[in-house]
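Participant: When you get a sec, could you build the whole thing from the sequences and use the hints?
Those protein sequence lines, which keep their order, are chains A and B.
Residues in the first sequence are numbered from 5 upward in steps of one, following the numbering used here.
Residues in the second sequence are numbered from 5 upward in steps of one, following the numbering used here.
Simulated from the structure, these hints should not be mistaken for laboratory data.
The reader is advised that the hints may include incorrect statements.
Because identical chains share one entry, a pair is satisfied inside a single copy or across any pair of copies.
Unchecked claim - Result set (SDA-like, lysine to any residue): computed pairs, CA atoms no more than 20 Å apart in a straight line:
1) Lys111 / Leu148
2) Lys111 / Pro124
3) Lys154 / Val25
4) Lys154 / Ala18
5) Lys139 / Leu112
Computed from a prediction, not measured in an experiment: that's the story for all the values here.
2 protein chains.
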Amino acid sequence: MPARARYEREIVEAILDEALVAHLAFTHDGQPYAIPTLQARVGDTVYVHGSAASRMIRTLAAGAPACLTVTLLDGLVLARSAAHQSVNYRSAMILGSARLLEAESEKLLALERFTERLVPGRWAEVRPPTAKELKGVSVLAMSLQECSAKVRSGPPLDDPPDMPLEVWAGVVPLRLAAGTPRPDPQLREGIALSPAVRRWARERP
Amino acid sequence: MPARARYEREIVEAILDEALVAHLAFTHDGQPYAIPTLQARVGDTVYVHGSAASRMIRTLAAGAPACLTVTLLDGLVLARSAAHQSVNYRSAMILGSARLLEAESEKLLALERFTERLVPGRWAEVRPPTAKELKGVSVLAMSLQECSAKVRSGPPLDDPPDMPLEVWAGVVPLRLAAGTPRPDPQLREGIALSPAVRRWARERP
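Facilitator: Right, here's the structure in full:
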């Protein structure tokens with residue numbers, strides 16, 4: 005069991021570190037919600053942030069049970085029979101309640117990680133947050149203690165009687181690709197694309 | 005109000021028709037869950053399917069309140085200041101309860117749409133589901149009656165005092181790209197890539 009759990013935990017961490025967007029589920033007045041939100045992991049903690057006034061932050065800061073799920077789509081799985089069409093994916097789910105960050109130092113660490121998640125090396129390029137900005141943002145933390153992963157990979161699984169059918173079967177791989185960076189129309193003239201952004205976009209053609 | 009609602013509904017439908025994976029939120033024994041699932045829209049109904057034994061299908065078939073959310077990631081928004089880093093995205097959310105399909109004809113329609121969602125034209129290429137397969141799959145339907153969209157697009161929004169900073173700012177567009185289709189290792193020799201799959205992959209390089 006411990007070995008199996010450790011292995012699953014490593015998969016969960018890898019999925020979190022690749023996915024940018026999570027869906028965070030919580031219940032408010034009996035209605036469940038799944039809210040898309042950026043997430044960033046540091047060690048055994050996953051952070052999400054938002055406006056202090058949002059329903060998500062208010063509900064979760066009060067200790068409501070939550071579920072954070074991230075899903076990476078890896079491919080279309082095209083089987084010989086309609087009933088076996090599928091997708092390859094990697095999904096991670098974290099259950100628990102969230103903790104609202106109070107310490108400015110932990111908030112700063114989380115914000116650094118959010119920026120570095122988008123583009124590694126970007127934190128050093130931008131103006132750091134002021135004390136006022138830090139106060140204005142609400143950051144929630146969830147522990148990875150209760151987490152699980154679900155993965156589907158590989159070719160389609162058709163029923164044996166369907167194998168001889170004259171139907172192409174296989175997988176179409178999918179990936180998130182980056183296009184050419186577009187400068188802000190208000191960018192001052194003469195500012196070249198930053199090294200961090202150039203590197204990031206080049207690695208995801 | 006009606007014009008605004010109609011416009012929002014059109015955006016929701018376009019987002020659903022582009023996204024393959026939804027996150028479906030529901031509560032079971034006081035614990036909220038967000039479960040990744042394929043979704044397919046037909047008119048004002050969005051379908052999800054799964055195994056009859058799954059917690060998601062059992063809970064939702066019993067009429068529990070639900071929230072189906074899909075999110076498309078369109079780009080990294082790289083601002084001059086750390087606090088304004090963001091992403092461009094389009095997200096749609098549907099609230100309500102789900103209805104378990106009983107009629108074989110509606111199940112068949114939903115399965116056709118699931119296959120056509122993955123690759124248009126694929127339904128005509130594969131073996132159609134048998135009556136037994138149709139009985140074995142559980143399909144849930146949610147009405148689009150209560151839906152909303154949330155969209156962020158365009159360049160970063162920096163604070164005016166930050167505009168003169170010597171920092172590159174802009175957007176890196178993101179899209180889901182298809183790789184080269186990989187035939188099933190067990191594919192019979194001499195079966196060429198199907199026209200529907202070739203067309204689909206060619207349109208998403």
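Participant: Classify it for me, Lys139 with Leu112: is the Cα-Cα distance of at most 20 Å met within a copy, between copies, both or neither?
Facilitator: within (10 Å within a copy, 54 Å between copies)
Participant: With identical chains treated as interchangeable, where does the CA-CA distance between Lys111 and Pro124 reach 20 Å or less: within a copy, between copies, both, or neither?
Facilitator: So Lys111 and Pro124 pass the 20 Å test inside one copy only (18 Å; across, 46 Å).
Participant: Is the C-alpha distance from Lys154 to Ala18 at most 20 Å within one copy, between copies, in both cases, or in neither?
Facilitator: The answer is within: 12 Å in one copy meets 20 Å, while 28 Å across copies does not.
Participant: First find the shortest C-alpha distance between Lys154 and Val25 inside one copy, then the shortest across copies, and answer within, between, both or neither for a cut-off of 20 Å.
Facilitator: Close inside one copy (17 Å) and across copies (14 Å); limit 20 Å.
Participant: Which holds for Lys111 with Leu148 at a C-alpha limit of 20 Å: within a copy, between copies, both or neither?
Facilitator: The answer is within: 18 Å in one copy meets 20 Å, while 38 Å across copies does not.
When each numbered hint is compared with the structure, no violation occurs for any of them.
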